[in-house]
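Trainee: The chain contents come next:
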Amino acid sequence: MQLNLEVNGQVLQADDVWAGESLLYVLRERLGCPGSKNACEQGECGSCSVYLDGTLVCSCLVLAAQAEGRAVVTVEGLAGAGLLHPVQEAFLAAGAVQCGFCTPGLIVATHDLIARNPAPSDPEIREALAGNLCRCTGYVKILDAVRLAAEKAATS
Amino acid sequence: MSRASTAPVAPPVAPPKEGVPVQGGVGTSALRPDGVPKVKGEFAYSSDMWDEHMLWGATVRSPHPHACIVSIDITDALKHPGVHAVLTHEDVAGRKTFGLERPDQPVLASERVRYRGEPIALVAAAHPETARRAAEAVHIDYEVLQPVTDPEVALDAATVALHPSGNVVRHIHIAHGEPDPEADVVAEATYEVGMQDQAFLGPESGLAVPDGSGGVDLYVSTQWLHVDREQLAASLALAPEEVRITLAGVGGAFGAREDLSIQIHSCMLALTTNRPVKMMYSREESFYGHVHRHPARLNYIHGATTSGELVFVKARLVFDGGAYASSSTAVCANAATLCCGPYEVPNALIDCYAVYTNNPPCGAMRGFGAVQACFAYESQMDLLAAKLAMDPVELRLRNAASTGTVTPTGQKIEGPAPVAELLTRVRDAPLPPPGSPGTPDIRELPGGVSNATHGEAVRRGIGHAAGYKNICYSEGFDDYATARVRLSAPAGEPVVEVHTAAAEVGQGVATIQLQIARTELGVEAAVLRPADTSIGSSGSSSASRQTWMTGGAVKTACEAVRERVLSTAAEVLGAEPGELYLSNGLVMSLELGAVYSLAELLGDTVVEATREYRHAPTSPLDANGQGNAHAGFAFAAHRAVVDVDVELGLVKVVDIATAQDVGMALNPQAVEGQIEGGIAQGIGLALMEEVQVIDGVIRNPSFTDYLIPTSLDMPPVHADVLELGDPGSPYGVKGVGEPPVISSTPAVVAAVRAATGRALRRIPMRPDDVAGLTDRSPAGEAPREPR
Chain C
29 MQLNLEVNGQ
39 VLQADDVWAG
49 ESLLYVLRER
59 LGCPGSKNAC
69 EQGECGSCSV
79 YLDGTLVCSC
89 LVLAAQAEGR
99 AVVTVEGLAG
109 AGLLHPVQEA
119 FLAAGAVQCG
129 FCTPGLIVAT
139 HDLIARNPAP
149 SDPEIREALA
159 GNLCRCTGYV
169 KILDAVRLAA
179 EKAATS
Chain V
28 MSRASTAPVA
38 PPVAPPKEGV
48 PVQGGVGTSA
58 LRPDGVPKVK
68 GEFAYSSDMW
78 DEHMLWGATV
88 RSPHPHACIV
98 SIDITDALKH
108 PGVHAVLTHE
118 DVAGRKTFGL
128 ERPDQPVLAS
138 ERVRYRGEPI
148 ALVAAAHPET
158 ARRAAEAVHI
168 DYEVLQPVTD
178 PEVALDAATV
188 ALHPSGNVVR
198 HIHIAHGEPD
208 PEADVVAEAT
218 YEVGMQDQAF
228 LGPESGLAVP
238 DGSGGVDLYV
248 STQWLHVDRE
258 QLAASLALAP
268 EEVRITLAGV
278 GGAFGAREDL
288 SIQIHSCMLA
298 LTTNRPVKMM
308 YSREESFYGH
318 VHRHPARLNY
328 IHGATTSGEL
338 VFVKARLVFD
348 GGAYASSSTA
358 VCANAATLCC
368 GPYEVPNALI
378 DCYAVYTNNP
388 PCGAMRGFGA
398 VQACFAYESQ
408 MDLLAAKLAM
418 DPVELRLRNA
428 ASTGTVTPTG
438 QKIEGPAPVA
448 ELLTRVRDAP
458 LPPPGSPGTP
468 DIRELPGGVS
478 NATHGEAVRR
488 GIGHAAGYKN
498 ICYSEGFDDY
508 ATARVRLSAP
518 AGEPVVEVHT
528 AAAEVGQGVA
538 TIQLQIARTE
548 LGVEAAVLRP
558 ADTSIGSSGS
568 SSASRQTWMT
578 GGAVKTACEA
588 VRERVLSTAA
598 EVLGAEPGEL
608 YLSNGLVMSL
618 ELGAVYSLAE
628 LLGDTVVEAT
638 REYRHAPTSP
648 LDANGQGNAH
658 AGFAFAAHRA
668 VVDVDVELGL
678 VKVVDIATAQ
688 DVGMALNPQA
698 VEGQIEGGIA
708 QGIGLALMEE
718 VQVIDGVIRN
728 PSFTDYLIPT
738 SLDMPPVHAD
748 VLELGDPGSP
758 YGVKGVGEPP
768 VISSTPAVVA
778 AVRAATGRAL
788 RRIPMRPDDV
798 AGLTDRSPAG
808 EAPREPR
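If you're matching them up, the sequences are chains C and V in order. With the first sequence counted from 1, adding 28 to any position gets you our numbering. With the second sequence counted from 1, adding 27 to any position gets you our numbering.
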């Protein structure tokens, strides 16, 4: 089947899509957006988090066909080419990136959290990010990064 | 394994002298070179590899843990439209087996399968779903055999041999001191450790690209490019230079990428189809596709005087290696040699076994044999303290190892061994405030928002533990790393380029290499070439060794480059090279200050040096387990504070305090990251992480059922980082990555014991265990045998 959707502001088309393909697969393998990651492909790890019409979703749990005619924003679309979003800057500065496989999902989830709750408390951060698994950092510096990103957002 | 070279470590070379420190040099929290692409989603992991013409590979795996293969029929699979190849053992051109330490594992099984998930056939197809469906159409007839799943049964001489060499992969016997010493007080118990998974997030994956003339290029995530290439070349029947491997982005490793996964298979498919082939495991397949941490059963007897001095340790340790050897021999050696803990133990009698079974193969995971032993010996220290009516930390302090301590293998600890100081620091660290009485925030309680309790039946507990780990490779292995450093000024500014094969797996060795180059050459602009097999080996990103080893190689190569630059400058200036040094892009004279810009001096010249670095040689163990087997040791201590719902068996880790000697923190932020991440894995092993294997079959191969700590499970960490400097390593560094995962687990268990009064001899502790449903014996008394 043919699929038309908007990804990071661009209208894109994918041909010969098998009906069973996930949005994650189409983004990564057909539309040249491999930034969203495939750690579990069953909605447990959050590595594939993207916005679908402004709602945070696990793109591995969305059939590509469900995204027909809708707008997707991935980690690649949060800042312009050569630029960093304040959330991305905060993850770098706090040392919240090690292997980085969880990072795109965490950055999209943090972006969503701060948009909803500009000054999250620690328990609120922990709960909001509990669906994003990280195996390297022990989350300590991820929490630092979220606090830093919230501060940046508050002062900008 | 070959014996280590007896050549001395490179002679000391003058340091880069004083001067304004270069930006991003050693000792700073320099940013990762891969950080920006990682936060933007532009970093190319192995699963992101892509080619317009690529095919997808899939693997046919055994549904049985033990069976004879009667026949394999690929006819139907080949008929699937879109299928380009179906391969079996008959298509393995070279050596039919592979393995890290002994090639005992079939590339594709031919006559017998020894574990559930063992690869038997391969498919390449245009779409991954086509490949999966064709894989289901490979018909295999089996004669199913009874699996051997209990390591004690495997050890029995009457049990069927799973390999021609028998079922013992390795047995290490250590006899140290008096054979039959007398003690006033004796503590005996048996402990069990479940099978832990590394649970890296980036699945096994890569892209194999045929070169059109019989060779192949492979882009893959791995921990040791050169040992992969050795095994690939043997099984593909190619010369090593026909197999070129480049490290693709690695989504975590923790030991699970030491063994081959898709490497040989993807290359076989690419060479057969003459098309690029991508392979990528699903999470379920990943649980079958890599080795796990060895489950172990550890029986210990500790003897002490009434005043609490250790007299002896007797231990029998059995490690379940699963179906193939992987790195079981080295895991066995670590467990045996470290199994008395960081204490003065004058007499020791140890027998440690790694055995073959039909369980999933086990091998490397962060902590590598030291983890299982530490849980048991630290539990023993607490048990002994209870019998002596002593404070558990006091007992440890009374017996703490220090510089000069002789380990049970007869090896004298030469470097700093600040066990007493580490324990004192964590004991004296400020405690978190007590849980808020009255209206507690349920998010802070065991069970959290599942609203399991409002604070009733919640008890707080505190536990301590210390541990240690050998750093680098041991037992006489020729452990080395290679680095090429190139200094030039292509656009009128000095640039240093570093090339090694060290695998950046997230730990930060890429950052460290650049930091070292900046400091040693006084040049801020430093770039790292991709790690590949066109340079000599760096050894594995394991054993906490890369900062020491590849760091050492980069430093040595930089020193050679610097010597050449300074002798050229000295010639031009008519000065002595010893009077000159490099700082921030300038050639400096001790007397005159800046005498040259480095760019001006270099002009069009490129100064390049390639160096190998070796740590001091180590020795094999003799028949009594004696020998200077280890290159160095790293120490850490942990204190855990937990709240336990003693009725429901739910545990909330409230706080972890740790102290660790890292020798020198080349990148303080990265050191903290290693400590915090290691503690998370230690907490996971204590409380939730277990690959559940029943009759040889993994019952929970998913992140739904194999639980790892989330942001809700991880407490704040207070890390006290000591920098005592190891005399045998570059800059005095020690490995950082493994100690945090070793003693954090027993500290958490000790805290839960303190809260519940239960013996808790098995990890992970399940709610049933914590609530006393499986073993009601109180701490300090002999429990029922653990399940």
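These are calculated hints, taken from the structure and not from any lab test. Treat the hints with care, as some may be off.
From the structure, some residues in chain C lie toward chain V, with a derived Cβ separation under 8 Å [what the hints assert, rightly or not]: (1) P62; (2) A67; (3) C68; (4) Q70; (5) C73; (6) Y79; (7) Q116; (8) Q126; (9) C130; (10) P132; (11) P146; (12) K169; (13) D172.
Not close to chain V: a few residues of chain C, all C-beta gaps over 12 Å, as computed [as the list claims (entries may be wrong)]: (14) L31; (15) Q41; (16) E72; (17) V90; (18) A93; (19) G97; (20) A99; (21) E104; (22) E117; (23) L120; (24) A143; (25) S149; (26) N160; (27) G166; (28) A181; (29) T183.
As the structure is a computational prediction, the values presented were derived from the model and not from experiment. Cβ coordinates follow ideal geometry from the N, Cα and C atoms, glycine included.
Trainee: Of the hints stated earlier, which fail here?
Mentor: 6, 11, 13, 16, 21, 22, 23, 25, 26, 27
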